[in-house]
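Protein sequence lines correspond, in order, to chains A and B.
Sequential numbering of the first sequence, starting at 64, is according to my numbering.
Sequential numbering of the second sequence, starting at 17, is according to my numbering.
In case anyone wonders, no lab produced these hints; they're calculated from the structure.
Small disclaimer: the values here were computed from a predicted structure and weren't measured.
Careful: at least some of the hints might be erroneous.
Below, a sample of chain A positions facing chain B; criterion: calculated Cβ distance under 8 Å [to be verified]: (1) G124; (2) I156; (3) F169; (4) G172.
Straight-line distance between alpha carbons at most 20 Å, and here's what the computed EDC-like set of lysine to aspartate or glutamate pairs gives [what the hints assert, rightly or not]: (5) B:K116 - A:E122; (6) A:K127 - A:E85; (7) A:K104 - B:D83; (8) B:K116 - A:E115; (9) A:K77 - A:E122; (10) A:K104 - B:E72; (11) A:K83 - A:D128; (12) B:K58 - B:D100; (13) B:K58 - A:E85; (14) A:K104 - A:D151.
For glycine and all other residues, C-beta sits at the position ideal for the given N, C-alpha and C.
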Amino acid sequence: GAVVSQHPSRVICKSGTSVKIECRSLDFQATTMFWYRQFPKQSLMLMATSNEGSKATYEQGVEKDKFLINHASLTLSTLTVTSAHPEDSSFYICSARTGGLDTQYFGPGTRLTVL
Amino acid sequence: KQEVTQIPAALSVPEGENLVLNCSFTDSAIYNLQWFRQDPGKGLTSLLLIQSSQREQTSGRLNASLDKSSGRSTLYIAASQPGDSATYLCAVDRTGTASKLTFGTGTRLQVTL
Numbered sequence: 064g065a066v067v068s069q070h071p072s073r074v075i076c077k078s079g080t081s082v083k084i085e086c087r088s089l090d091f092q093a094t095t096m097f098w099y100r101q102f103p104k105q106s107l108m109l110m111a112t113s114n115e116g117s118k119a120t121y122e123q124g125v126e127k128d129k130f131l132i133n134h135a136s137l138t139l140s141t142l143t144v145t146s147a148h149p150e151d152s153s154f155y156i157c158s159a160r161t162g163g164l165d166t167q168y169f170g171p172g173t174r175l176t177v178l
Numbered sequence: 017k018q019e020v021t022q023i024p025a026a027l028s029v030p031e032g033e034n035l036v037l038n039c040s041f042t043d044s045a046i047y048n049l050q051w052f053r054q055d056p057g058k059g060l061t062s063l064l065l066i067q068s069s070q071r072e073q074t075s076g077r078l079n080a081s082l083d084k085s086s087g088r089s090t091l092y093i094a095a096s097q098p099g100d101s102a103t104y105l106c107a108v109d110r111t112g113t114a115s116k117l118t119f120g121t122g123t124r125l126q127v128t129l
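Using the sequences plus the hints, can you model the full thing?
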């Protein structure tokens, strides 16, 4: 149980384009989903927290207009990187938490490369 | 601001050895601490979660300890195997609601044959 999937697993795009990453909780309802970014050989940095049906809360230094987050249902959250640039190349990981507030369940990650 | 540090950054051991990974955090006001495993290019797998009131947790060959007052946790791996090769991350939860996790820098472990 408690499986989280991400799609795509890997994406390469040209600079200036937008990329959408999906995060789904497969066998549970996720009241809250989290988006992290991980640069090579660095740890995970929380980007934003999204609750179903409400606006995401962004961490300090994360541009909300650049990283659009939508959490329209209890099983799906999307992260759209708008006008991507090479410095946005990173590993993006989502996680989901149930209403039980026990722990976060992590997706397999999406490797974004912006050329 | 909570800072989480893991030492060593990388470790290579021969198969069969016991080993200890270290995690330290600057703010002892935490609710729990969790150890994760991350395989290359993959997401995170939770290994052990220790509540702030607990001293240790065990799962198979893994044992995690927590000394909240000194801001330290250790992950002990017994009889290491090549399949244990991965990056190990610790994370502290400062809210008690599994929301604001602060991750350490990770230890890259390689177990050789």
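Tell me, which hint numbers fail for this structure? 1, 7, 9 and 10
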